[in-house]
Amino acid sequence: MLWKLAWRNLWRNRTRTWLSATVIAIGLMALIFVDTMVEGMSVNMVKNATDTIMGHAQIHAQGFRDEYDVKLTINNLDVMLTHLRDHPDLKDMSMRVVTYSMLSSAEGVEPILTLGIDPEEEKKLSKFDEAIIAGDYISSVSGGDLILGWKLAEKMELRLGERLVLTAVDAESGEMVQELFRLSGIYKTGDNEMDASMALAPRETLQHMLKLEGKIHEIAMRYAHMNEKGTPAIPVTKPDKESGNDLSLWTELMPAMQAALQLTDQSMAIMGLILFFIVALGITNTLLMGLYERMFEFGIIKSIGTTPWQTARLMVYEAFCLGVFGSIVGLMLAVIVTILFAKYGIDYTGIEYSGITFQEKIYPSIRLERLVVYPFWSLGFTLVASLYPAFKLWRILPVEALRKRKF
Amino acid sequence: MSEIVIASKNVSKHFGEGEAQVHALREVDLDINIGDFAAIVGPSGSGKTTLLNILCGLDKVSSGDIQVSGRSLQDMSGSELAKFRREHIGLVFQAYNLIPVLTVMENIEYVMLLQNVPVAERKERVEKFLTEVGLEGKGNRFPVELSGGQQQRVAIARAMVSHPDIILADEPTANLDSETGVLLLDMMRKFNEEFQMTFVFSTHDPQIMERAKRMVTLTDGHIVSDEIK
Ligand SMILES: Nc1ncnc2c1ncn2[C@@H]1O[C@H](COP(=O)(O)OP(=O)(O)OP(=O)(O)O)[C@@H](O)[C@H]1O
Ligand SMILES: [Mg+2]
Numbered sequence: 001m002l003w004k005l006a007w008r009n010l011w012r013n014r015t016r017t018w019l020s021a022t023v024i025a026i027g028l029m030a031l032i033f034v035d036t037m038v039e040g041m042s043v044n045m046v047k048n049a050t051d052t053i054m055g056h057a058q059i060h061a062q063g064f065r066d067e068y069d070v071k072l073t074i075n076n077l078d079v080m081l082t083h084l085r086d087h088p089d090l091k092d093m094s095m096r097v098v099t100y101s102m103l104s105s106a107e108g109v110e111p112i113l114t115l116g117i118d119p120e121e122e123k124k125l126s127k128f129d130e131a132i133i134a135g136d137y138i139s140s141v142s143g144g145d146l147i148l149g150w151k152l153a154e155k156m157e158l159r160l161g162e163r164l165v166l167t168a169v170d171a172e173s174g175e176m177v178q179e180l181f182r183l184s185g186i187y188k189t190g191d192n193e194m195d196a197s198m199a200l201a202p203r204e205t206l207q208h209m210l211k212l213e214g215k216i217h218e219i220a221m222r223y224a225h226m227n228e229k230g231t232p233a234i235p236v237t238k239p240d241k242e243s244g245n246d247l248s249l250w251t252e253l254m255p256a257m258q259a260a261l262q263l264t265d266q267s268m269a270i271m272g273l274i275l276f277f278i279v280a281l282g283i284t285n286t287l288l289m290g291l292y293e294r295m296f297e298f299g300i301i302k303s304i305g306t307t308p309w310q311t312a313r314l315m316v317y318e319a320f321c322l323g324v325f326g327s328i329v330g331l332m333l334a335v336i337v338t339i340l341f342a343k344y345g346i347d348y349t350g351i352e353y354s355g356i357t358f359q360e361k362i363y364p365s366i367r368l369e370r371l372v373v374y375p376f377w378s379l380g381f382t383l384v385a386s387l388y389p390a391f392k393l394w395r396i397l398p399v400e401a402l403r404k405r406k407f
Numbered sequence: 408m409s410e411i412v413i414a415s416k417n418v419s420k421h422f423g424e425g426e427a428q429v430h431a432l433r434e435v436d437l438d439i440n441i442g443d444f445a446a447i448v449g450p451s452g453s454g455k456t457t458l459l460n461i462l463c464g465l466d467k468v469s470s471g472d473i474q475v476s477g478r479s480l481q482d483m484s485g486s487e488l489a490k491f492r493r494e495h496i497g498l499v500f501q502a503y504n505l506i507p508v509l510t511v512m513e514n515i516e517y518v519m520l521l522q523n524v525p526v527a528e529r530k531e532r533v534e535k536f537l538t539e540v541g542l543e544g545k546g547n548r549f550p551v552e553l554s555g556g557q558q559q560r561v562a563i564a565r566a567m568v569s570h571p572d573i574i575l576a577d578e579p580t581a582n583l584d585s586e587t588g589v590l591l592l593d594m595m596r597k598f599n600e601e602f603q604m605t606f607v608f609s610t611h612d613p614q615i616m617e618r619a620k621r622m623v624t625l626t627d628g629h630i631v632s633d634e635i636k
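Each protein sequence line maps, in turn, to chains A and B.
At position 320 of the first sequence (counting the first as 1) the number is 320 in my numbering, and the numbers step up by one without a gap.
To convert, count from 1 in the second sequence and add 407; that's my numbering.
Heads up, some of the hints might be wrong.
Stated by the list, open to error - Straight-line C-alpha distance at most 25 Å; calculated DSS-like pairs for lysine-lysine: (1) B:K530 to A:K404; (2) A:K4 to B:K530; (3) B:K416 to A:K4; (4) B:K545 to A:K392; (5) B:K530 to B:K416; (6) B:K545 to A:K4; (7) A:K238 to A:K47.
To be verified - If you want a taste of the chain A side facing chain B, the calculated C-beta under 10 Å gives, among others: (8) K127; (9) F296; (10) I301; (11) V399.
Claimed, not checked - Stretch-level coverage of chain B by chain A, calculated; a stretch enters the list once three of its residues show a Cβ under 8 Å from a Cβ in chain A: (12) 460-466; (13) 484-493; (14) 507-513.
Don't read these hints as lab results, they were simulated from the structure.
Using N, Cα and C, we set each Cβ at its ideal position, and we do this for glycine too.
Please build the complete structure, drawing on both the sequences and the hints.
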């Protein structure tokens, strides 16, 4: 009965109810929409990062990541590889030689990070092949091809086909070794570091140069399936301590991005709180208006035997109905808007954010759990908003309420 | 001696403090007996509404004691009073008694729902009292679709339906034209005689007073006369 009464009371002032429901709905929709966009942006950033070079996880010798010591190659590579090939969810991997080096042209010298790769392997893992803007991708796992980023090329004023000398330290004696390359291509990834201070060369050529015959520094891996947090669904078990190797997920390889994403989650939560707080204030106000308008009626209701507690519940139920109604409308709006944007996307291409330039349009990405959580939030806040009016209603004496009407 | 429904002893009620204090009731002793059909009359501001409010526990006495059906109202909490009224007292006000979003039937049903009366019995009692007040077939209407007199009759049906010990009505006819008012009162009188329902109502209207079996006159918060006709 109280529910029926609450529901009908809600529809007494249709305009007001629609307005309040719209406020709840728009608040909810805005939050869901921003959330899906932010999520879409995160997915995009993660994808950018993991697809361009990093992969989802990497294996190194323990300690290699500290200083990129050329001597610290992956231990027991054969065992490691058999292991990885058995893994059910591992899609691609690329074995790399990684070294600090100096790149000299006729004009000048720049310190860079050089990766020695197998172009076929690397193609599947990263996007350097697609990122070539001039010349060609590396043609074979040996030979003298070298590709580098457009910013570096610009800085050193390099032309395609130009001869370049790479200087590094070998793994055996620690002596300086040099090798001659030919600039075969220039790429543009959108990542500042990769575009300005990195080069790729054939793996075997580098292994030979650095006296690393058959050895590598890094295995970058891509999994077929990732879970919601963006980590592998079926992770490769970490090698144990004795193996001398180490496996790091992208979240560990890029702690800054991981932190940025978590920060985004937090700021979403704060924004949500503020938004819902404002919505709740509006609802409180509306409910209070309704309360004062119907004061005499509540006096009657209380006089004929409704307990204070039952009367207060009437107000909470009314808010509950309003909250459910508003949330449903908001959810529908949110889904419509999200679907629209999912179709057309938002063009952020060329805009740089924390060192990464977006290469693609951003598409909203719905996290189902949020579609459940946010409506409950808005419902919860609507209920909280009704507490003060409900308390007033609970407290008011029927005689006082009855006096509110002059005949 | 007939049984007493309401016993009020030495009841005083004042509003406000100090200079501005208003003595609405002064040392009122009034017993209402089962089967009474009593009018409380008196000039405006004489304390009729205050007395009725106090008799049903809507308002607290400043001093004195009220017992309804043997229970003292002074020390009950708001929720206890609400439950007490629900079971023992029917109330009818001057106007706008009904909950506008509920139909006539639902309005009458309301108190029984609070009392957890089973559904079959609820329906039966609603039908019975709708017929008693001459509104059979109008159960699905909303209060705004009824005339003032019809609304007051629904209010009386609502008060009757939960089988209270007494019905208190503050100027139930004041918003009605005198003809309708008289009809309403005749109906109350009929219930008084048929069901032994005890009524106490206040009024200004001499035509209405005529129909009372007992007339209590208030002036300035005093009972100046209490006559049984
Ligand atoms: N809440 C209140 N605060 C202050 N004074 C009040 C209050 N309620 C009633 N009074 C005063 O108490 C006195 C009695 O009022 P009451 O309403 O009982 O009179 P009444 O006989 O019902 O009058 P009427 O015929 O106009 O309805 C009046 O002087 C009134 O001003
Ligand atoms: Mg009065």
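Consistency of the hints with the structure:
1. For the suggested pair B:K530 and A:K404, the alpha carbons sit about 33 Å apart, so the restraint of at most 25 Å is broken.
2. With a CA separation close to 17 Å, the supplied pair A:K4 and B:K530 stays within the 25 Å bound.
3. Between B:K416 and A:K4 the alpha-carbon distance is near 42 Å, which puts this suggested pair outside the 25 Å criterion.
4. As the CA atoms of B:K545 and A:K392 are separated by approximately 35 Å, the hinted pair breaks the 25 Å bound.
5. For a cut-off of 25 Å, the pair hint linking B:K530 to B:K416 is broken: about 40 Å separates their Cα positions.
6. For the hint pairing B:K545 with A:K4, the CA-to-CA distance comes to about 20 Å; that is within 25 Å, so the pair holds.
7. Restraint check for A:K238 and A:K47: the C-alpha separation of about 23 Å stays at or below 25 Å, so the hint holds.
8. For A:K127, the interface hint is violated, the least distance from its beta-carbon to any beta-carbon of chain B being 64 Å, above 10 Å.
9. Among the interface hints, the one on A:F296 holds; its C-beta lies about 6 Å from the nearest C-beta in chain B, closer than the 10 Å criterion.
10. About 7 Å separates the beta-carbon of A:I301 from the nearest beta-carbon of chain B, less than 10 Å, and the hint is met.
11. Interface hint at A:V399: satisfied, since its Cβ lies 5 Å from the closest Cβ of chain B, which is below the 10 Å cut-off.
12. Using a Cβ-Cβ cut-off of 8 Å, 4 residues of the region 460-466 of chain B lie near chain A, which meets the minimum of three, so the contact claim holds.
13. Check on the region 484-493 of chain B: 6 of its residues sit with their Cβ under 8 Å from a Cβ of chain A, so the three-residue criterion for coverage holds.
14. Residues of the region 507-513 of chain B lying with their CB closer than 8 Å to a CB of chain A number 4, which satisfies the three-residue condition for coverage.
Taken one by one, the earlier hints fail for this structure at numbers 1, 3, 4, 5 and 8, listed in ascending order.
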